Amino acid sequence: MVFLQYLISGISIGSIYAIIALGYTMVYGIAKMLNFAHGDVIMVGGYISFCTTSYLGLPGWVSVVFAVAVCTVLGVVIEGLAYRPLRQAGSLAVLITAIGVSYLLQNAAQLIWGATPKNFTSLVNFAVPEFLSRLNVSGVMLVTVVACIVIMLGLTWFTSRTKLGKAMRACSEDRGAAQLMGINVNRTISMTFAIGSALAAIAGVLLCSYSPVLQPTTGSMPGIKAFTAAVFGGIGSIPGAFLGGVLLGIIEAMARAYLSTNLANSIVFAVLIIVLLVRPAGLLGKYVPEKV
Amino acid sequence: MLKVNDINVYYGAIHAIKGVSFEVQAGEVVTLIGANGAGKSTILNTVSGLLHPKTGSIEFLGKSLTGVPAHKIVARGLAQVPEGRRIFLQMTVEENLEMGAFTQPNSTVDPGIQRVYEQFPRLKERRRQIAGTLSGGEQQMLAMGRALMADPKLLMLDEPSMGLAPILVDQIFEIIERLHQAGTTILLVEQNAQMALSVADRGYVLETGKIVATGTGQELLNNEAVKQAYLGG
Numbered sequence: 001m002v003f004l005q006y007l008i009s010g011i012s013i014g015s016i017y018a019i020i021a022l023g024y025t026m027v028y029g030i031a032k033m034l035n036f037a038h039g040d041v042i043m044v045g046g047y048i049s050f051c052t053t054s055y056l057g058l059p060g061w062v063s064v065v066f067a068v069a070v071c072t073v074l075g076v077v078i079e080g081l082a083y084r085p086l087r088q089a090g091s092l093a094v095l096i097t098a099i100g101v102s103y104l105l106q107n108a109a110q111l112i113w114g115a116t117p118k119n120f121t122s123l124v125n126f127a128v129p130e131f132l133s134r135l136n137v138s139g140v141m142l143v144t145v146v147a148c149i150v151i152m153l154g155l156t157w158f159t160s161r162t163k164l165g166k167a168m169r170a171c172s173e174d175r176g177a178a179q180l181m182g183i184n185v186n187r188t189i190s191m192t193f194a195i196g197s198a199l200a201a202i203a204g205v206l207l208c209s210y211s212p213v214l215q216p217t218t219g220s221m222p223g224i225k226a227f228t229a230a231v232f233g234g235i236g237s238i239p240g241a242f243l244g245g246v247l248l249g250i251i252e253a254m255a256r257a258y259l260s261t262n263l264a265n266s267i268v269f270a271v272l273i274i275v276l277l278v279r280p281a282g283l284l285g286k287y288v289p290e291k292v
Numbered sequence: 001m002l003k004v005n006d007i008n009v010y011y012g013a014i015h016a017i018k019g020v021s022f023e024v025q026a027g028e029v030v031t032l033i034g035a036n037g038a039g040k041s042t043i044l045n046t047v048s049g050l051l052h053p054k055t056g057s058i059e060f061l062g063k064s065l066t067g068v069p070a071h072k073i074v075a076r077g078l079a080q081v082p083e084g085r086r087i088f089l090q091m092t093v094e095e096n097l098e099m100g101a102f103t104q105p106n107s108t109v110d111p112g113i114q115r116v117y118e119q120f121p122r123l124k125e126r127r128r129q130i131a132g133t134l135s136g137g138e139q140q141m142l143a144m145g146r147a148l149m150a151d152p153k154l155l156m157l158d159e160p161s162m163g164l165a166p167i168l169v170d171q172i173f174e175i176i177e178r179l180h181q182a183g184t185t186i187l188l189v190e191q192n193a194q195m196a197l198s199v200a201d202r203g204y205v206l207e208t209g210k211i212v213a214t215g216t217g218q219e220l221l222n223n224e225a226v227k228q229a230y231l232g233g
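Chains as they are written, first to last, in the working numbering: chain D, 1 to 292; chain X, 1 to 233.
Accuracy of the hints is not assured; some may be wrong.
[Claimed, not checked] Straight-line alpha carbon distances no greater than 30 Å define the calculated DSS-like cross-link-like pairs of lysine-lysine that follow:
1) X:Lys210 x D:Lys163
2) D:Lys32 x D:Lys118
3) D:Lys163 x X:Lys153
4) X:Lys227 x X:Lys210
5) X:Lys18 x X:Lys63
6) X:Lys54 x X:Lys124
7) X:Lys124 x D:Lys163
8) X:Lys3 x X:Lys18
9) X:Lys124 x X:Lys227
10) X:Lys153 x X:Lys210
11) X:Lys72 x D:Lys32
12) X:Lys63 x X:Lys124
Treat the hints as calculated values from the structure; they're not laboratory data. Keep in mind the model is a prediction, meaning the values are calculated, not measured.
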C-alpha cells in the first residue's frame, strides 16, 4: 500500500517532468538547440497564473489561458531576438545565449515580483473518488497525469499527421533540403518554440499547484530534471521524453522513500549517467541508418 | 525561362563563381558540366536562393529572383533535386513526397503522389517504408519524385547519377528523357559529361567558376577540348 502511494506520487511528479521534457525535446529535435531558458518560462507561466488569480481575481482556467498565451508569445520573442541571429553560429554560442536568457528571465522576474516567495493557491481542488483518495491521490495528481498523456498523444499526432508537424520533422533532418521544398524554416522553428513554451506554461501551473511556493528560481530545478528526463528517454523523441519524465519521477520518489531524502536528486542524476553509459542515445533514442 | 546574368558568388573570401551567365529556354534540357569543384552545385544553390550572388542577376519567368528567399522560389515553379539527394531519411517515402508538395494546395497532393507513383512504380511498393532504408537508386528516384511534387516549370537536377551503379545511371537518364518528352524543362548538372551531353539540347562547360565553352549537346560531345578534359580523350 505504501509502495503504491510512492509509485503514484512518483508518476504524478514525473508527469510534470514529462510535460517540461516534451517542450525541451520538441525544441531540441527541431531547432537542434538546448533551450536552457525553458525552465524559466515555466516560472513565468506560474507567475502569470498567480497574478491573474490573486490580483485580478479571475477564475483558474482563465489564468491557464493567460499563462499559455503569455508564454507562447514569450517563447517566440526569445527565439526571434536571441536565437535566430545565431542560426549560423556554433552550438556553443547558442548554448551560452540560452543560459543568458535563463538568467535574464530569473532576474526580470525578481524585479517585477520580488524575491519573496509567493504562495500559489492550487488551481485544482476538486474531490477525487474515495478509492483514489485512500491512495493519497489528489486532484492535481490526476489532472497532471491526464494532461501529460493527452499532450504526449497530441504531439505524436501533430508531428506524424499534420502538414506543419511533418515540416518540423523535415527541418529537423535537413534545413537546406526543407527550404528547397518551400518550407519557411524560420517560421517553422518559431512555431516549435511557441508549442514548447505553451507546454512550459501548462507545466508551470501544474508545478505550482503541486508545490505552492513560487519564486524566480522555481523553474530551475524542474527544468534541469526535465532536461535530464529528455536525455534519459532519448532527446528529440516524443515518447522518449514522456517515458524519461515518468521514470525519473518514479526513481526520485523511490529514492526519497527508501534510500535518502537528501540524496534523492543525486541518485536521479547517477541513474542518468548509468543509462547514458549503456545507451548513449537514451532509452528510446533513435539510431539512424544512413546510406551514402 | 531562366536567365542567369553575370553572377558572382563568394564563400567568404573565396570567389567561387566568376561572372557566369547562361540561359534555359522553355522545353529545353540544358546541362552544366565540369569537374569536381568547378562550381556547378554553387550555381544551382544560388538559383534556388540558398546562396546569394554578390553581383549579377537571376531572372525566372521574367521576374527577378534577387532577394527572394529560398522557400518562396519553389512556389514560383523552380524545384531542385539537390546533390546527394538529401531526402528526409527518417520520414516515409510518402511523407517525403508530401513535403515536396509543401507549397501546393492540399487538394493536389494526392493526385500528385499518384502521378509520381506512375512514373516510379518502385516508390509505390515502398510508400510506407522509411526513406533511409531505400537503396541508392530508389533514393534518387524519391528525390526526383519529391521535386516533381512541386509541379515545377523548371526542374534542376544536381548530379543525379552520383554514386549509382551504371545500370541505375541508365535508368535515371531514361527518366530524364521521359520528363523532357513530357514537356518539363530541365537544368542538369553532371560530372558524367558523356551521359549529360547525350540527353541535352545545349550545354555549358564550367571550369573553376567560369564558363569556358558552350554549344549544343552534339557540338560539345565533338569538341576536342571537351573530349580531352571530360570524355576521356
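(message) Please list, smallest to largest, the hint numbers that this structure does not respect.
(response) 1, 2, 6, 9, 12
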